[in-house]
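Student: On the provided structure of chain F, position chain B as indicated by the hints.
Chains F and B supply the protein sequences, listed in that same order. Using this note's numbering, read the first sequence as starting at 1 and increasing by one per residue. Using this note's numbering, read the second sequence as starting at 1001 and increasing by one per residue.
Don't take every hint at face value.
Partial list, computed: chain B residues near chain F (C-beta under 10 Å) [stated by the list, open to error]:
1. W1030
2. Y1097
3. D1139
4. L1141
List of simulated lysine-lysine pairs, DSS-like, C-alpha gap at most 30 Å [what the hints assert, rightly or not]:
5. K1140/B / K57/F
6. K113/F / K234/F
7. K338/F / K1140/B
8. K282/F / K1092/B
9. K57/F / K1094/B
10. K57/F / K1046/B
11. K282/F / K1046/B
12. K160/F / K56/F
Derived Cβ-Cβ restraints for the label pairs, each shown as a range [unchecked claim]:
13. G1113/B / T60/F: 30 to 40 Å
14. D185/F / K1126/B: 50 to 60 Å
15. K1122/B / V90/F: 33 to 43 Å
None of these hints come from the bench; they were simulated from the model. No residue lacks a Cβ here, since even glycine has one placed at the ideal position from N, Cα and C.
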Amino acid sequence: MAIPVSQMWTVATYVLKKRLTGEKRYPLVLMLEPLFRCNLACAGCGKVQYPPHILKKQLTPAECFAAVDECGAPMVSIPGGEPLLHPQIVEIVNGLVARKKYIYLCTNALELKRRLPEFTPSKYLTFSVHLDGERDHHDFSVCREGGYDIAVEGIKEAVKRGFRVTTNATFFDGTDPNSVRGFFDEVMDMGVEGIVLSPGYSYDKAPDQTKFLGRARVRRLFRAILSNRKPTWKFNMSPLFLEFLMGDRKYECTPWGSPAFNIFGWQRPCYLLQEGYTETYKELLATTKWEEYGVASGNPKCANCMVSCGYEPTAVIDGFGTLKGFWGMVKGNFSLYKDKHALNLLNEAMPHGPAKLVQIKKPAHSLEETNA
Amino acid sequence: MTAEVAKYTMAQVEALELAPGFEHEQLEGWVPALASDEDLRQALGKALDYRGDVTLTLKSGERIEAYIFNSQDGPTLAESFIQYFAPNAPEKRKVSYADIARVEFTGKDRAAGKHWEAWVQKYNEKKAAGEKNIALHPDKLE
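This is chain F alone, in the form it adopts within the complex (with noise of 0.2 Å):
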């Protein structure tokens, strides 16, 4: 179990209290995008593709508290762009520490080293370090070899100063399952609270794709991924998601649950989908065509989608607001998940090759460009 107990006890009251008061709709995580600027330039990242004079814009620190204080959601995600190259980021990571709100900062870490004498350890503040895979893997993924090594100097340094650090990654076809377990055995050997992941998406910002993982395929790779696992390994994640990725629950997308709020404004209806934006959170809720959105609604932009800031919403309301979900939620903190079939899978050749994530000197097509 990787999340420390104050923070599901914070969570679990939250949403006991929301379901309580009957209320239907409210955020779990806002998603507070300072700037877009970054220090890399992804191949298809559909988050920094502007004109100059949009990436030289960001939030300041008081518009970032007036989001925080009026969605009132008590976890805190910031990505970007790249949060470390905010002037002031230090200043609104200590006004949401003060509010006591849950703070991700997701980073790639380039700047994280010299950056982290300015921060202050506290328990509600994480480093989510951006880390797709082994070594080859992530330089090959973020377009820049030696963004591994620069990155995991930043963790080391950042555990050593007592700080939260996770790692975040996203998958995409042709990843090597096998390669995935290394990785992760790498990552808890770092010292990190825990691991997050997400599988990749099309969604229509990024530029041109053609084809994606659809959601059979993400559950078998996740299935062989999450199944068996070791038990050095943490997620700072709800198992149920981790379940719901493997295909053994069945969720609809909460896109509410993460609202993003950015130099626009409140962004409808997601994280990814960019279809609009309001003035308030309030109208925001009031205007967004909810119903129009999610798998079950049939929508082609949400059909391959079973990214965590939509689904892991739904895993942790199931969690904290069903008796059934919350016992489900027990048994997966302690289960190592044995499965022989997904044993199985992890001896299957891969579809575009053995070996590594990725085959640089054989580049597999289905690797596709969504690197949020």
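Tutor: For chain B alone, coordinates are given in the frame of chain F:
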């Protein structure tokens, strides 16, 4: 949007091995003909998805360079508007569809050519040439 919804059944979606993706349109340099209200709505819809600046010519003759990030499509042009950032102004601005005479996709498309295959090709070429520390770098902020 409503017409797109219900394209798939839940069972179809659950069984998808590969899901259809999104094809990036080449819009840079395009100047759509605006013969009707519907043409204007379509052009502004594409401008909203475009990852570059557009130039709007208003019926007053004023020309505006804008990154369009939001729109509200109402029953009439007068009740519809776009929201944008102009390069030299800090605040969000708004203009009614009814005031727009011409739309030009003048700014560089920042998403064009930035796909996975292009990176793989570039990597292989640089590797073959013996280069070290191969990387893609963010565009300069001019």
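Student: Given the proposed pairing of K282/F with K1092/B, does the C-alpha separation stay at or below 30 Å?
Tutor: Since the Cα atoms of K282/F and K1092/B sit roughly 19 Å apart, the hinted pair holds (cutoff 30 Å).
Student: Within a Cα-Cα threshold of 30 Å, do K113/F and K234/F meet the stated pairing?
Tutor: Answer holds: K113/F to K234/F is near 24 Å, not above 30 Å.
Student: Going straight from one Cα to the other, do K338/F and K1140/B come out at no more than 30 Å?
Tutor: Between K338/F and K1140/B the Cα gap is close to 50 Å, so the pair fails against 30 Å, i.e. violated.
Student: Is the interface hint for L1141/B satisfied, with its Cβ closer than 10 Å to some Cβ of chain F?
Tutor: 4 Å, holds
Student: Once the shortest beta carbon distance from D1139/B to chain F is found, is it less than 10 Å?
Tutor: This interface hint holds because 7 Å falls under the 10 Å limit.
Student: Just tell me: holds or violated, for the beta carbon distance of G1113/B and T60/F against 30 to 40 Å?
Tutor: 34 Å, holds
Student: Determine whether the Cβ-Cβ distance between D185/F and K1126/B falls within the hinted range of 50 to 60 Å.
Tutor: Hint violated: Cβ distance 31 Å, outside 50 to 60 Å.
Student: May I ask you to test the interface hint for Y1097/B with respect to chain F, counting a Cβ-Cβ separation under 10 Å as satisfied?
Tutor: 15 Å, violated
Student: K160/F and K56/F were given as a pair; does the straight-line alpha-carbon distance stay at or below 30 Å?
Tutor: 33 Å, violated
Student: Compare the distance between the alpha carbons of K282/F and K1046/B with 30 Å, and conclude whether the hinted pair is satisfied.
Tutor: Holds, at about 28 Å.
Student: Is K1140/B within 30 Å of K57/F, Cα to Cα?
Tutor: With a Cα-Cα distance of about 14 Å, the restraint between K1140/B and K57/F holds, given a limit of 30 Å.
Student: Determine whether the Cβ-Cβ distance between K1122/B and V90/F falls within the hinted range of 33 to 43 Å.
Tutor: At roughly 36 Å between Cβ atoms, V90/F and K1122/B fall inside 33 to 43 Å, so the hint holds.
Violated hints, in rising order: 1, 2, 7, 12 and 14; the structure is consistent with all others.
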